[in-house]
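Novice: The residues making up each chain are set out below.
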Amino acid sequence: RKEVEQDPGPFNVPEGATVAFNCTYSNSASQSFFWYRQDCRKEPKLLMSVYSSGNEDGRFTAQLNRASQYISLLIRDSKLSDSATYLCVVNEDNTGKLIFGQGTTLQVKP
Amino acid sequence: SAVISQKPSRDICQRGTSLTIQCQVDSQVTMMFWYRQQPGQSLTLIATANQGSEATYESGFVIDKFPISRPNLTFSTLTVSNMSPEDSSIYLCSVEPPTGGYEQFFGPGTRLTVL
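Note that the protein sequences, when read in sequence, are chains U and R.
With the first sequence counted from 1, adding 6 to any position gets you the working numbering.
With the second sequence counted from 1, adding 51 to any position gets you the working numbering.
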């Protein structure tokens with residue numbers, strides 16, 4: 007079983023749609039959780055950290071369910087510029103080692 | 052966040068040669084990390100580099116193949132030795148925020164093609 011699993015997609019959605027990505031992780035002792043965005047031929051960039059209480063940043067909402075070892079990212083009112091690969095990332099023991107999911111590709115179409 | 056630069060941004064190398072990639076950060080950081088992203092894949096940690104000590108390598112990566120230097124708190128190098136086409140990847144360095152936290156910020160990457 008992969009340590010961090012994501013549906014690779016692609017998710018093809020129209021502008022303005024709401025889209026949700028899910029991610030599961032295998033290590034119940036994992037401590038920190040993140041969503042990164044990676045554009046084609048670019049480095050990953052931190053989108054948001056994920057906290058137990060859930061957190062929101064504009065159109066983006068992240069949720070963490072420790073009992074189910076499940077992380078989600080919700081994007082509302084999708085923009086063309088949201089087209090990218092979204093990486094679910096887990097830090098298992100706060101040592102600095104990040105475990106990356108394979109990424110979920112989003113394509114927002116006009 | 053830290054500003055990170057990498058050199059070279061890309062290179063095309065012959066089989067059997069070695070390439071050294073440089074990573075420079077604009078602030079002092081304790082740990083620097085080196086990742087590999089193979090074509091169509093996600094990122095995999097190669098090693099963690101602390102200043103003044105040997106790098107710590109992840110399973111499947113060895114010092115002879117990927118020697119790392121960390122001469123000071125703002126700079127590190129990764130060498131890809133005796134390259135083969137399977138080493139064709141993007142190599143990225145990253146750091147944690149100088150002010151604390153477990154997220155990481157990445158350099159722009161070095162795109163390596165081995166013929």
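Hint data in this document are derived by calculation from the structure and do not stem from the laboratory.
There may be inaccurate statements among the hints.
Examples of chain U residues toward chain R, derived with CB under 7 Å [said to hold, decoys possible]:
(1) ASN18
(2) ASN97
(3) GLY109
Simulated pairs of lysine-lysine, DSSO-like, Cα-Cα distance not exceeding 30 Å [stated by the list, open to error]:
(4) LYS58/R - LYS103/U
(5) LYS51/U - LYS116/R
(6) LYS58/R - LYS116/R
(7) LYS103/U - LYS116/R
Only a predicted model underlies this, so the values are computations on that prediction, with no experimental measurement involved.
Beta carbons: idealized from backbone N, C-alpha and C, even for Gly.
Novice: A separate judgement is required for each hint: does it hold in the structure or not?
Specialist: For each hint, the structure was consulted:
| no. | hint | result |
| --- | --- | --- |
| 1 | ASN18 | violated, 19 Å |
| 2 | ASN97 | holds, 5 Å |
| 3 | GLY109 | holds, 5 Å |
| 4 | LYS58/R - LYS103/U | holds, 23 Å |
| 5 | LYS51/U - LYS116/R | holds, 28 Å |
| 6 | LYS58/R - LYS116/R | holds, 19 Å |
| 7 | LYS103/U - LYS116/R | holds, 20 Å |
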